[in-house]
Amino acid sequence: MPRHEFFYAPPEKFTADFVELTGDEHHHLTRVLHHKIGDRITVVDGEGNAAVDGEIVFSDRAIARIKIHTITKKLGEPAVHLTLAQAVPKGARFDWVVEKATEIGVSAFIPLISERSEVQPGSGKTERWRRLTLAAMKQSCRSVWPEVNEPILFFELCQTIKNFDLAILAHPTENDILKDLAGQAMPRKAFLMVGPEGGFTEEEIEFAQKSGCKLLSLGPRRLRSETAGLVAATKVLAAFGQL
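Going by my numbering, the sequence shown opens with residue 1000, and the numbers climb by one from there.
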């Protein structure tokens, strides 16, 4: 794992030999961390490319230019692309979900609106969550910026389950679907759905199962919604050796 701080630059800032940092990333590099010419850092493009051990060769008040020595593909990324669809809890608790789930390796988020949802996210929330996932991507030494989708209704979301190799719904059950999956081929794209504090309705559970979802138990204790999301994502990634 690289020891240098991670920074982000969009793909258009990369050339074959250099990458430039501007704006907030430049400010953090020069004014917060006080990096100088000759220091080494890692710069990622959010699409899986990481300029590891990059060398700062130029810096002024607006731009820092980094010499690229090595590009590493998919640095810090799990082999399973896991999408977490979760009902948004009250307050800022979904902020915590996207931050911590990004750190453990979740690749995409879908704010879910189900029958018992307490919150229907308003405008502006998605952009806030994107900023949080960007910071968490850098902090956890990843190279792909997790996608944050717009909120979607439960029954509409179920129509997309067919696009995944594995679909799981977190629900109190005696079955441990992950044990059944042991030894099977690793899914390329996995989907995980977690409900609100009151859980999914029986109608929703039945519809999800008919759409292709398997049920996943999170153990004998009742968990808060945001805790359930992180525990479920951890179990899925760990089942395939991707933590």
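Check before you lean on any hint, since a few could be wrong.
[As the list claims (entries may be wrong)] Derived DSS-like pairs (lysine-lysine); straight-line CA-CA distance at most 30 angstroms: (1) K1035 x K1124; (2) K1066 x K1234; (3) K1209 x K1066; (4) K1161 x K1066; (5) K1209 x K1073; (6) K1066 x K1089; (7) K1161 x K1073; (8) K1124 x K1178; (9) K1161 x K1124; (10) K1089 x K1073; (11) K1099 x K1188; (12) K1066 x K1124; (13) K1124 x K1099; (14) K1124 x K1012; (15) K1012 x K1089; (16) K1099 x K1089; (17) K1209 x K1161.
[Claimed, not checked] Here are the in silico distance ranges between beta carbons for each label pair: (18) V1031 x P1219: 27 to 33 angstroms; (19) H1003 x T1200: 46 to 52 angstroms; (20) H1033 x K1073: 42 to 48 angstroms.
Since the hints were made in silico from the structure, they are not lab data. Just so it is clear, the structure is predicted and the values come from calculations on it, not from any experiment. C-beta: ideal position from N, C-alpha, C; glycine also.
Right, here's what the structure says about each hint:
1. A threshold of 30 angstroms between alpha carbons decides the hint, and for K1035 with K1124 the separation of about 36 angstroms lies outside it, so the pair is violated.
2. Note on K1066 and K1234: the hinted pairing is violated, with a Cα-Cα distance of about 39 angstroms set against a maximum of 30 angstroms.
3. Between K1209 and K1066 the alpha-carbon distance is near 53 angstroms, which puts this suggested pair outside the 30 angstroms criterion.
4. For the hint pairing K1161 with K1066, the CA-to-CA distance comes to about 44 angstroms; that exceeds 30 angstroms, so the pair is violated.
5. With a C-alpha separation of about 34 angstroms, the suggested pairing of K1209 with K1073 is violated against the 30 angstroms cut-off.
6. About 45 angstroms separates the Cα atoms of K1066 and K1089, which puts this hinted pair outside 30 angstroms; it is violated.
7. With a C-alpha separation of about 26 angstroms, the suggested pairing of K1161 with K1073 holds against the 30 angstroms cut-off.
8. As the CA atoms of K1124 and K1178 are separated by approximately 36 angstroms, the hinted pair breaks the 30 angstroms bound.
9. Straight-line distance between C-alpha atoms of K1161 and K1124 comes to about 27 angstroms, which keeps the hinted pair within the 30 angstroms bound.
10. Distance restraint check for K1089 and K1073: the Cα-Cα separation of roughly 34 angstroms exceeds the 30 angstroms cut-off, and the hinted pair is therefore not satisfied.
11. The straight-line distance between the Cα atoms of K1099 and K1188 is roughly 20 angstroms, inside the 30 angstroms bound, and the hint therefore holds.
12. Restraint check for K1066 and K1124: not satisfied, since their Cα atoms lie roughly 36 angstroms apart, outside the 30 angstroms limit.
13. Pair hint K1124 plus K1099 holds up; C-alpha atoms about 17 angstroms apart against a cutoff of 30 angstroms.
14. Taken as a hint, the K1124 and K1012 pair is honoured in the structure, with Cα atoms around 27 angstroms apart against an allowance of 30 angstroms.
15. Pair hint K1012 plus K1089 does not hold up; C-alpha atoms about 38 angstroms apart against a cutoff of 30 angstroms.
16. Simply put, K1099 and K1089 have alpha-carbon atoms about 17 angstroms apart, close enough for the 30 angstroms limit, and the pair holds.
17. Of the supplied pair hints, the one linking K1209 and K1161 holds, its CA atoms being roughly 11 angstroms apart against a limit of 30 angstroms.
18. Separated by about 45 angstroms at the C-beta atoms, V1031 and P1219 break the suggested range of 27 to 33 angstroms.
19. The hint said 46 to 52 angstroms for the Cβ distance between H1003 and T1200, and at roughly 49 angstroms that hint holds.
20. A hinted range of 42 to 48 angstroms is violated for the C-beta pair H1033 and K1073, which are about 31 angstroms apart.
Violated hints, listed in ascending order, are 1, 2, 3, 4, 5, 6, 8, 10, 12, 15, 18 and 20; each of the other numbered hints is respected by the structure.
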